[in-house]
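Those protein sequence lines, which keep their order, are chains B and V.
Quick note: the first sequence uses the numbering used here, first residue 1, plus one each step.
Quick note: the second sequence uses the numbering used here, first residue 1, plus one each step.
Be aware that a few hints might be false.
Same chains, same names: a pair is fine if it fits in one copy or spans any two.
Claimed, not checked - Capping the alpha-carbon separation at 27 Å, the derived lysine-lysine pairs in DSSO-like fashion look like this: (1) K86 x K110; (2) K116 x K294; (3) K294 x K310; (4) K173 x K310; (5) K249 x K110; (6) K55 x K310.
Keep in mind the hints are simulated off the structure, nothing from the lab.
There are 2 protein chains.
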Amino acid sequence: MAVYTQIDDAALDQFLARYEIGTLLSFAGIAEGVENSNYLLRTDAENYILTLYEKRVNEAELPYFIGLMQHLSAAGLQCPVPITDKDGDILQQLSGRPAAMVSFLNGTSKRFPNPKQCFALGQTLAQFHLLSADFEMTRKNGLGPDDWTALLGSIDTPPEGMPENLLASAADKLSAIVAQWPDNLPSGAIHADLFPNNVLFVGDELTGVIDFYFACHDLYAYDLAVCLNSWCFDSDGSFNITKSTALIKGYQTGRPLEADEIDSLAILCSGAAMRFFLTRLYDWIHTPADALVKPLNPLEYWQKLRIHEKAQSPQAYGIW
Amino acid sequence: MAVYTQIDDAALDQFLARYEIGTLLSFAGIAEGVENSNYLLRTDAENYILTLYEKRVNEAELPYFIGLMQHLSAAGLQCPVPITDKDGDILQQLSGRPAAMVSFLNGTSKRFPNPKQCFALGQTLAQFHLLSADFEMTRKNGLGPDDWTALLGSIDTPPEGMPENLLASAADKLSAIVAQWPDNLPSGAIHADLFPNNVLFVGDELTGVIDFYFACHDLYAYDLAVCLNSWCFDSDGSFNITKSTALIKGYQTGRPLEADEIDSLAILCSGAAMRFFLTRLYDWIHTPADALVKPLNPLEYWQKLRIHEKAQSPQAYGIW
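Kindly produce the complete structure, drawing on both the sequences and the hints.
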């Protein structure tokens, strides 16, 4: 939860005069989002989300993220539509920050999505991959396998209260993952962070995919593996094969998996678990005690990684 | 800015099933409010604000605040309407906190309201006082002159960087204010915290008065004095008599001031400045460094107090 930048009402009026979006009716900072400041803005015509990009976001990469949202929304994916001002510009400056306005999407995120919602996510993820195929910009995944090794190397000692051999054990597991990492699978623009909090539903109907700020060029099946990690575990830490079956089935209605993608699923899931274990471990160590956003426990993904290691075949994920 | 309590989506669904308010379309914690957690909730029918009352709020006093909102909204004041559930109840429990839902009001607050907006505020403040006259519940002002003395007495040393004689000087000024404090002026239910951030406008039209959690029984003209302090100073710290003239004129269209209220205006303004100086000073000293909500500078109200001390007559506020 975060609103890092306060916006003065006079500065806001001046900013909104750039757009043809009607009369401002309400404006409120919202507690969603970790990296940026987000505001819900209502006019007599529509609802919008205004985002101010905070320090952790690389301004040079914004045209990629915004371009991808533009491309996918125009192609029919339910995602935010970037709003152009009277001059046709999307990226602006407001209160000393890069800023952009996008359409508001109905829906709320589900902490523990049900199988129907997992199926809908699978369908939408396939649609994302199919529709992004002719998106021309590209961005390297800044959190791929090479970066995991560097990330782990940057950590000297495990945080207090975590197992002493955690780093050595992680290094072993990481070597095994990197050694088996597939490099000839179908790839393209992926979301790369499609956790439940980034997907909106009204009832079981999926109404939106948000937060494109980790999107990059990588393996399609890796994107699926990120979703299997974040959507298909129950609150007690166990893997829910009913949900994974539904998610993969939904995905295959749009984009059937190739044989080598299916064969690689377990290692891709291990890699995805490793990625979130490592970034959470890093944030756990480096987040100041007084930060607005509290770090997430890395051990959740350590447990998931161990479950994926035991998956001997695609059947473990519900593929028969 | 604050959202202290996270609400699980399953708990929210269960909570909303108590109401007849349509299908949930979106739900977001908002950064407004210091004392409580506030969420903007949209259904296919309406927009609502859901408030979770945090620890600083005395649960026993909630029926007064909610009753006052009910009374005033029913009488025609533009303020939130408390929403009853299917059983006719307003106060609920959610995520371990007392909770209530109210109607959402259009409008945004103005950091530096213009004279037209000050006039509109005056009109609405008079309406508040007239309409609350037959509200039967009552609540003592927990931050009246007696409490100021106790508050000042609880502070041992001025915060670092503030004048060394600040506390002694404040004690002198406070004695003078208490000695001159009027006790026979018209009184009733007042808002007691009607700062610009608690009043909403669309353009210059006042669309709502919010945040009733300091409301209490006290002098009507003291409520006006709080507004003169918070609405009629410019960003450079100077008193803007054009704004105060407009505010008082607006007020008198609804409720003409009595002669002894006019005579007491300067001392009531000094008292109001003292009240916010002291609570800010207290918060400045007692807010932990890692708090979500940063304390406001008390010296802003010290300067205002000095300006009111120089006001020799009602003319200083624009009353001729």
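Hint-by-hint comparison with the structure:
1. K86 x K110: between (36 Å within a copy, 25 Å between copies)
2. K116 x K294: The answer is neither: 31 Å in one copy and 43 Å across copies each exceed 27 Å.
3. K294 x K310: Result: close neither inside a copy nor across copies, 31 Å intra and 48 Å inter.
4. K173 x K310: within (13 Å within a copy, 74 Å between copies)
5. K249 x K110: within (20 Å within a copy, 52 Å between copies)
6. K55 x K310: Neither: 40 Å inside a copy, 46 Å across copies.
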